[in-house]
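Given chain A, put chain B in place with the hints provided.
Protein chains: 2
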Amino acid sequence: MKILLIGAAGKLGAAVHKTLAGRGHEVLTVGRTSGDLRCDIADPAATAALYERVGPVDAVASAAGDVPYKPVSEMTPQDYESAFHGKVLSQIELVRQGLSRIAERGSFTLITGVLARDPIPTGSAASMANGAVESFVRAAAIEIAPLRINAVSPTVFTESLADYGDFFPGVPPVDLAQVAQAYVRSVEGGQTGQIYGLS
Amino acid sequence: MKILLIGAAGKLGAAVHKTLAGRGHEVLTVGRTSGDLRCDIADPAATAALYERVGPVDAVASAAGDVPYKPVSEMTPQDYESAFHGKVLSQIELVRQGLSRIAERGSFTLITGVLARDPIPTGSAASMANGAVESFVRAAAIEIAPLRINAVSPTVFTESLADYGDFFPGVPPVDLAQVAQAYVRSVEGGQTGQIYGLS
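Just so you know, the sequences run in chain order A and B. For the first sequence, this note's numbering begins at 20 and goes up steadily by one. For the second sequence, this note's numbering begins at 20 and goes up steadily by one.
Simulated from the structure, these hints should not be mistaken for lab results. Some clues are possibly wrong.
Per the computed footprint, the stretches of chain A lying under chain B, defined by three or more beta-carbons under 8 Å from a beta-carbon of chain B, are [said to hold, decoys possible]:
hint, segment
1, 38 to 48
2, 72 to 85
3, 96 to 102
4, 160 to 173
5, 187 to 198
Facing chain B, a subset of chain A residues (Cβ under 7 Å, in silico) [stated by the list, open to error]:
hint, residue
6, Pro63
7, Ala64
8, Arg120
9, Pro140
If you're wondering where the values come from, they're calculated on a predicted model, not measured in any experiment. Beta carbons: idealized from backbone N, C-alpha and C, even for Gly.
This is chain A alone, in the form it adopts within the complex (with noise of 0.2 Å):
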């Protein structure tokens, strides 16, 4: 298939990519300051150029999402705007945006996070965009049929845990490679309107 992986740079992104080419996919990397393409898409119209150069694909994939870490006490209403603009809207821009140009029984695949049911502190804003999305994706899925759309929602890459370890005690940790399976599962397989959790 043709792959359009946003995100590609990221370690999450790297690994899909590693793994979906493995698997003998043609995978378009898109990234903000890297890739085949470049797009942040943050910006809906930076979203219509991109497809607009990309031309039809069979399946997108996103693994890209930014959000503000701050305690509830200390965000400010910008900060939860760009948690929207970071990682819903530019979400779900791709699917709507999208609709008309993957093919007959494409696949959008989406990003989210445990933060959507397991909490941290000063998660506020990425719990938000996680619930958001994941919520999203049952909803078009039974709209856009037969075209497909599930999120991967992992828990800490034990890959980042010497970063982010200290945020979640205790939480078990999942390899990127298991993660990029979900992808796989997403790409390849039939479901719809899934959350692939990985915890």
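Only chain B this time, still in chain A's reference frame:
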């Protein structure tokens, strides 16, 4: 208790008002065009002005949330923005700005809805908004203690079946009086971080 009730003029708000007042609480009603105080909470500055005027309260209860309904393919980025401002950021700001203003063990009760978990066609913005609020509630709860926060997440109201029943085929409705009891449970009880699902 002195309770600030936002969205008091709506069907749900009126039921919550009646129930809370019937239990001896002093309810300050807030609406965009009616009520003891006028405020459009979609504007964070208006929420700040509301809290300035109202002084200390024991609880904040919201029954206010506006989202557009359309097929995903007809939504615009502005529609999702509108849902975010009308139901998500509006309620987050009630909490965030209220932290320094409500009583020591005061509570916030927000409104979400069944579409967070059980979608309907044309409801993707509502699902997105409800999922966002529910995950925010779980996240905020672990930070703001001993202040409390819960969400009430009802299915279609029995009293709204004539208008909206066709959108919820086979879904058991819930009486407004029952939904109002969930607000009582949140305001007078001791729980936090709960999503009171009513279906």
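Here is what the structure says about each hint:
1. Counting residues of the segment 38 to 48 of chain A whose CB falls under 8 Å from any CB of chain B gives 0; the rule of at least 3 is not met.
2. By the rule of at least three residues with a Cβ nearer than 8 Å to a Cβ of chain B, the coverage given for the segment 72 to 85 of chain A is violated, with 0 such residues.
3. Coverage of the segment 96 to 102 of chain A by chain B holds. Counting CB-CB distances below 8 Å, 3 residues qualify, and the rule asks for three or more.
4. Figure legend: the segment 160 to 173 of chain A, annotated as covered by chain B; annotation consistent (4 residues with Cβ-Cβ distances under 8 Å, at least 3 required).
5. Judged by the Cβ-Cβ criterion of 8 Å, the segment 187 to 198 of chain A is not covered by chain B as claimed, because only 0 of its residues qualify and three are needed.
6. Satisfaction of the interface hint for Pro63(A) is found here, the shortest Cβ-Cβ separation to chain B being roughly 5 Å, below the 7 Å cut-off.
7. Because the smallest distance between the Cβ of Ala64(A) and any Cβ of chain B comes to about 9 Å, over 7 Å, the interface hint for this residue is violated.
8. Hint status for Arg120(A) relative to chain B: violated, with the closest Cβ pair at about 12 Å, above 7 Å.
9. Hint on Pro140(A) holds. Least Cβ distance to chain B is approximately 6 Å, under the 7 Å limit.
In summary, the numbered hints that this structure violates are 1, 2, 5, 7, 8.
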